[in-house]
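Chains as they are written, first to last, in this note's numbering: chain A, 23 to 266; chain B, 23 to 266.
By construction, these hints were calculated from the structure, which means they are not laboratory data. Any given hint might turn out to be false.
Since the list gives no way to pick out one identical chain from another, each pair is judged satisfied if it fits inside one copy or across any two copies.
Below are the DMTMM-like pairs computed for lysine to aspartate or glutamate, each with C-alpha atoms no more than 25 Å apart in a straight line [as the list claims (entries may be wrong)]:
{"hint": "1", "residue 1": "K219", "residue 2": "D186"}
{"hint": "2", "residue 1": "K170", "residue 2": "E194"}
{"hint": "3", "residue 1": "K170", "residue 2": "D41"}
{"hint": "4", "residue 1": "K83", "residue 2": "E189"}
{"hint": "5", "residue 1": "K224", "residue 2": "D186"}
{"hint": "6", "residue 1": "K224", "residue 2": "D77"}
{"hint": "7", "residue 1": "K85", "residue 2": "E241"}
{"hint": "8", "residue 1": "K227", "residue 2": "D102"}
Computed from a prediction, not measured in an experiment: that's the story for all the values here.
2 protein chains.
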Amino acid sequence: MALKSVNVCLSPALLPLYDADNTTAVVIDIFRASSSMCYGLANGARAIIPVAEIDECLAYKEKGYLLAAERDGAVVDGFDFGNSPFSYTPEKVAGKTVVLTTTNGTRAINLCKNAKTVVMGSFLNISSLTHWLRKQDGHVLLVCAGWKNHMSLEDTVFAGAVVDRLEASGVELDDAANAARSLYLNARDNLGAFLAKASHSKRMKHLRIEEDIAFCLQEDLVTAIPVMKKGKLVCLPEYMPAAQ
Amino acid sequence: MALKSVNVCLSPALLPLYDADNTTAVVIDIFRASSSMCYGLANGARAIIPVAEIDECLAYKEKGYLLAAERDGAVVDGFDFGNSPFSYTPEKVAGKTVVLTTTNGTRAINLCKNAKTVVMGSFLNISSLTHWLRKQDGHVLLVCAGWKNHMSLEDTVFAGAVVDRLEASGVELDDAANAARSLYLNARDNLGAFLAKASHSKRMKHLRIEEDIAFCLQEDLVTAIPVMKKGKLVCLPEYMPAAQ
Chain A
23 MALKSVNVCL SPALLPLYDA DNTTAVVIDI FRASSSMCYG LANGARAIIP
73 VAEIDECLAY KEKGYLLAAE RDGAVVDGFD FGNSPFSYTP EKVAGKTVVL
123 TTTNGTRAIN LCKNAKTVVM GSFLNISSLT HWLRKQDGHV LLVCAGWKNH
173 MSLEDTVFAG AVVDRLEASG VELDDAANAA RSLYLNARDN LGAFLAKASH
223 SKRMKHLRIE EDIAFCLQED LVTAIPVMKK GKLVCLPEYM PAAQ
Chain B
23 MALKSVNVCL SPALLPLYDA DNTTAVVIDI FRASSSMCYG LANGARAIIP
73 VAEIDECLAY KEKGYLLAAE RDGAVVDGFD FGNSPFSYTP EKVAGKTVVL
123 TTTNGTRAIN LCKNAKTVVM GSFLNISSLT HWLRKQDGHV LLVCAGWKNH
173 MSLEDTVFAG AVVDRLEASG VELDDAANAA RSLYLNARDN LGAFLAKASH
223 SKRMKHLRIE EDIAFCLQED LVTAIPVMKK GKLVCLPEYM PAAQ
């Protein structure tokens with residue numbers, strides 16, 4: 023039992039190129055969905071239900087769930103909140119189930135549904151994530167959510183950080199994994215400045231989410247690893263905050 | 023009149039994301055189609071006709087053209103040659119029209135048909151290519167042919183080299199252009215060693231094309247810039263070898 027390959031899918035549009043058999047998919051949407059999911063579950067959210075469409079999200083209203091919807095970086099009118107990590111604090115989410123739809127991240131999760139396991143990755147949980155990934159067998163596919171099917175710098179840099187930690191003799195890397203790793207090695211000494219070039223940072227400037235961006239670049243704030251179980255993201259049991 | 027943006031399309035599968043309006047597309051297939059096309063036209067080939075399918079290529083047999091076909095790195099049985107640059111020497115191609123089909127490069131060319139202008143780029147013509155691109159207005163899209171819709175390290179590194187030479191104040195770069203440039207800056211001091219990691223290099227090992235690979239990494243061996251005119255690649259007049 024061992025890791026065989028680590029590949030990087032740079033855009034959800036390229037997912038059909040990859041085999042889902044015996045594959046652990048890690049969905050990455052650094053600014054901000056996957057970061058907020060890790061943070062929310064670490065802060066005691068019971069579950070996060072990722073849905074693709076705003077209407078689907080609204081359909082959960084009757085159940086007393088927290089409804090979160092983001093489009094083009096902003097909270098959708100009429101929703102409790104969007105995907106800012108500051109909306110996923112213990113005071114707001116402990117004991118609650120959150121239903122979330124975002125521009126890119128929740129769509130990427132749904133596209134991975136044939137994988138053996140689907141987990142969420144972010145800088146916030148990178149050490150526990152890579153600790154767990156090293157114990158998996160078969161293939162790891164790092165799925166960058168990107169922006170409307172374009173590759174995004176921040177998701178690719180994070181994928182490269184994971185590749186860098188998982189690389190070992192005998193583990194095959196595809197060209198995208200090698201490229202992502204090289205990008206990370208260039209960026210790591212000053213992630214913030216490197217990612218200031220990212221189109222997402224520019225796109226978000228008018229939304230004043232600089233604090234969100236700085237927050238999402240912190241390493242190892244939490245140990246929680248969100249995993250998809252029957253349509254809901256819950257904590258992988260052995261990495262639950264309470265288990266520490 | 024000025025360059026507005028330089029974007030990088032990392033895979034032909036992502037081409038639908040880009041607007042072709044007022045766009046100069048540069049098709050890149052370093053190992054080896056775009057390199058051989060630059061070399062062949064510099065060596066006096068009258069034209070190179072890129073076709074997508076082997077059958078299309080065969081249909082030109084009656085006209086006395088040279089027929090070239092490559093699939094999965096090897097010359098297709100029954101053809102004069104494939105896409106090795108050593109098949110595009112003056113002795114072989116001067117005064118001739120070549121009809122060529124390759125696994126990735128010719129397909130990428132056909133997908134760019136809505137662009138304002140389509141040219142071919144390679145390390146062999148990088149200085150004349152960037153000299154000419156700087157004089158264009160509108161958008162430059164660097165289209166990496168990749169490998170069966172996967173991104174490829176060598177095409178992306180070359181795209182990054184072009185981005186690095188075109189970057190100037192006021193020229194917008196997308197995230198893929200920034201990533202490609204960073205990759206190139208990491209690779210440029212030892213391109214050969216960096217690209218030894220590329221899946222294409224590994225894939226081609228049994229075909230003994232190490233000499234082709236080393237050949238295709240030489241900068242500025244030629245000035246010719248292949249441009250699509252009525253379905254044929256010919257030299258841009260102002261960069262024709264005879265005009266030097």
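Exercise. Please work out whether the CA atoms of K85 and E241 approach to 25 Å or closer within one copy, between two copies, in both situations, or in neither?
Key: neither (34 Å within a copy, 64 Å between copies)
Quiz item: With identical chains treated as interchangeable, where does the CA-CA distance between K170 and D41 reach 25 Å or less: within a copy, between copies, both, or neither?
Solution: both (22 Å within a copy, 14 Å between copies)
Quiz item: Is it within a copy, between copies, both, or neither that the alpha carbon of K83 lies no farther than 25 Å from that of E189?
Solution: neither (44 Å within a copy, 49 Å between copies)
Quiz item: With identical chains treated as interchangeable, where does the CA-CA distance between K224 and D186 reach 25 Å or less: within a copy, between copies, both, or neither?
Solution: Result: close only across copies, 20 Å inter versus 27 Å intra.
Quiz item: Given identical chains, is K219 near D186, meaning Cα to Cα at most 25 Å, within a copy, between copies, both, or neither?
Solution: Both: 22 Å inside a copy, 14 Å across copies.
Quiz item: How would you label the pair K170, E194 (within, between, both, or neither) given a Cα cut-off of 25 Å?
Solution: Between. Shortest inter-copy distance 18 Å satisfies the 25 Å Cα cut-off; intra-copy 28 Å does not.
Quiz item: How would you classify K224 and D77 at a CA-CA limit of 25 Å: within, between, both, or neither?
Solution: Neither: 29 Å inside a copy, 48 Å across copies.
Practice problem: Give the relationship of K227 and D102 under a CA distance limit of 25 Å: within one copy only, between copies only, both, or neither. | Solution: Answer is within; shortest intra-copy Cα gap is 22 Å, inter-copy 57 Å.
In this structure, the earlier hints numbered 4, 6, 7 are contradicted, and the remaining ones agree with it.
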